[in-house]
Amino acid sequence: QKEVEQNSGPLSVPEGAIASLNCTYSDRGSQSFFWYRQYSGKSPELIMSIYSNGDKEDGRFTAQLNKASQYVSLLIRDSQPSDSATYLCAVGGGGTSYGKLTFGQGTILTVHP
Amino acid sequence: EAGVAQSPRYKIIEKRQSVAFWCNPISGHATLYWYQQILGQGPKLLIQFQNNGVVDDSQLPKDRFSAERLKGVDSTLKIQPAKLEDSAVYLCASSLGGWEQFFGPGTRLTVL
Chain D
108 QKEVEQNSGP
118 LSVPEGAIAS
128 LNCTYSDRGS
138 QSFFWYRQYS
148 GKSPELIMSI
158 YSNGDKEDGR
168 FTAQLNKASQ
178 YVSLLIRDSQ
188 PSDSATYLCA
198 VGGGGTSYGK
208 LTFGQGTILT
218 VHP
Chain R
15 EAGVAQSPRY
25 KIIEKRQSVA
35 FWCNPISGHA
45 TLYWYQQILG
55 QGPKLLIQFQ
65 NNGVVDDSQL
75 PKDRFSAERL
85 KGVDSTLKIQ
95 PAKLEDSAVY
105 LCASSLGGWE
115 QFFGPGTRLT
125 VL
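First to last, the protein sequences are chains D and R. Last residue of the first sequence? That's 220 in the working numbering, and every number before it is there in order. Last residue of the second sequence? That's 126 in the working numbering, and every number before it is there in order.
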């Protein structure tokens, strides 16, 4: 069973703080890693993708990937109330699973003023 | 560029009835996905199409769910007969052929 596990929430941070969201995956053959943001009642929106070990920065968002530890994280700097949402980690498989994403259960983030 | 379109946005039916959902992907996107998202969970892939062929339907409950993608563009997902546990949001997503998937607004199904 290929699984994606996210840190249990909900996560609450004050405005301006760094929010740290974590995800582990079981399939060592996984090739691609994504973070989606989902506001309540809305569909998932792609915010970050990462394919190789290390960090990838986009504005206030930084994705970190460590394939040896099977770990991917998302850091949100200078958190804003508008960042309050559920964050979904998605992992793309290799081989016959190419193009198929497995999602974690999501972590609810609340940024309070 | 228009996004993924889905209809209807909401549907309420009684158990044992049938229901159908429609999806039109982003123009040019060859790969189309249907997901089921139960409240409090991440999306679960039901079926993946590449053009009008099925790539993966291993998690589709084939005794009651069916899907088709005629002419390699829009797609329909059908449930017949519906059960209470089918209450969920049904999401359609498309991709150009790489990894990045873009989701439609979803159809919220309530089975009474």
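Calculated from the structure, these hints are not laboratory results. Since the model is a prediction, treat every value here as computed from it, not as a measurement. Please note: incorrect hints may appear among the correct ones.
Every beta carbon over 12 Å from chain D, so not counted as near; a handful from chain R, in silico [what the hints assert, rightly or not]:
#: 1; residue: 18
#: 2; residue: 42
#: 3; residue: 58
#: 4; residue: 64
#: 5; residue: 75
#: 6; residue: 79
#: 7; residue: 88
#: 8; residue: 92
#: 9; residue: 105
#: 10; residue: 114
#: 11; residue: 118
#: 12; residue: 122
One side of the interface only, derived from the structure: several residues of chain D facing chain R at Cβ under 8 Å [claimed, not checked]:
#: 13; residue: 116
#: 14; residue: 117
#: 15; residue: 119
#: 16; residue: 144
#: 17; residue: 146
#: 18; residue: 147
#: 19; residue: 157
#: 20; residue: 159
#: 21; residue: 161
#: 22; residue: 166
#: 23; residue: 208
Derived DSSO-like pairs (lysine-lysine); straight-line CA-CA distance at most 30 Å [said to hold, decoys possible]:
#: 24; chain 1: D; residue 1: 149; chain 2: R; residue 2: 29
#: 25; chain 1: R; residue 1: 58; chain 2: R; residue 2: 92
#: 26; chain 1: D; residue 1: 174; chain 2: R; residue 2: 92
#: 27; chain 1: R; residue 1: 58; chain 2: R; residue 2: 76
#: 28; chain 1: R; residue 1: 97; chain 2: R; residue 2: 76
#: 29; chain 1: D; residue 1: 174; chain 2: R; residue 2: 85
#: 30; chain 1: R; residue 1: 92; chain 2: R; residue 2: 25
#: 31; chain 1: R; residue 1: 92; chain 2: D; residue 2: 149
#: 32; chain 1: D; residue 1: 207; chain 2: D; residue 2: 149
#: 33; chain 1: D; residue 1: 174; chain 2: D; residue 2: 163
#: 34; chain 1: D; residue 1: 207; chain 2: D; residue 2: 163
#: 35; chain 1: R; residue 1: 29; chain 2: R; residue 2: 92
#: 36; chain 1: R; residue 1: 76; chain 2: R; residue 2: 29
#: 37; chain 1: R; residue 1: 58; chain 2: R; residue 2: 85
#: 38; chain 1: R; residue 1: 58; chain 2: D; residue 2: 207
#: 39; chain 1: R; residue 1: 97; chain 2: D; residue 2: 174
#: 40; chain 1: R; residue 1: 25; chain 2: D; residue 2: 163
We put the CB at the ideal spot given by N, CA and C, even for glycine.
Subject >> Status of the hint placing residue 166 of chain D at chain R (closest C-beta pair under 8 Å) >> reply: Violated - the Cβ of residue 166 of chain D stays beyond 8 Å from chain R, reaching only about 17 Å at its closest.
**OP:** Assess, step by step, whether the Cα of residue 207 of chain D is no farther than 30 Å from the Cα of residue 149 of chain D, and give holds or violated.
**Re:** Holds - the C-alpha atoms of residue 149 of chain D and residue 207 of chain D are around 22 Å apart, at most 30 Å.
Original post:
Does the no-contact call for residue 79 of chain R survive, Cβ to all of chain D over 12 Å?
Top reply: It holds; residue 79 of chain R is separated from chain D by about 17 Å at its closest Cβ, greater than 12 Å.
**OP:** Mind checking the CB of residue 146 of chain D against every CB in chain R and telling me if the closest is under 8 Å?
**Re:** violated (12 Å)
Original post:
Keeping to a limit of 30 Å between CA atoms, is the pair of residue 58 of chain R and residue 207 of chain D held or broken?
Top reply: holds (10 Å)
**OP:** Mind checking the CB of residue 208 of chain D against every CB in chain R and telling me if the closest is under 8 Å?
**Re:** With a minimum Cβ separation of about 6 Å from chain R (threshold 8 Å), the hint on residue 208 of chain D holds.
**OP:** Decide, holds or violated, for the assertion that all CB atoms of chain D are farther than 12 Å from the CB of residue 64 of chain R.
**Re:** violated (8 Å)
**OP:** Just double-check residue 88 of chain R for me: nearest Cβ-Cβ distance to chain D has to come out over 12 Å.
**Re:** holds (17 Å)
Original post:
Quick one, are residue 76 of chain R and residue 29 of chain R close enough, alpha carbons at most 30 Å?
Top reply: Holds, because 17 Å separates the two Cα atoms, which is no more than 30 Å.
**OP:** Classify the label on residue 75 of chain R as holds or violated, using whether its beta-carbon is more than 12 Å from each beta-carbon of chain D.
**Re:** holds (18 Å)
Subject >> residue 149 of chain D paired with residue 29 of chain R [C-alpha distance capped at 30 Å] >> reply: holds (25 Å)
Subject >> Pairwise hint evaluation, residue 163 of chain D against residue 207 of chain D, where the allowed Cα distance is 30 Å at most >> reply: holds (22 Å)
Comparing the model with each numbered hint stated earlier shows that hints 1, 3, 4, 9, 10, 11, 12, 13, 14, 15, 16, 17, 18, 19, 20, 21, 22, 26, 29, 39 and 40 do not hold.
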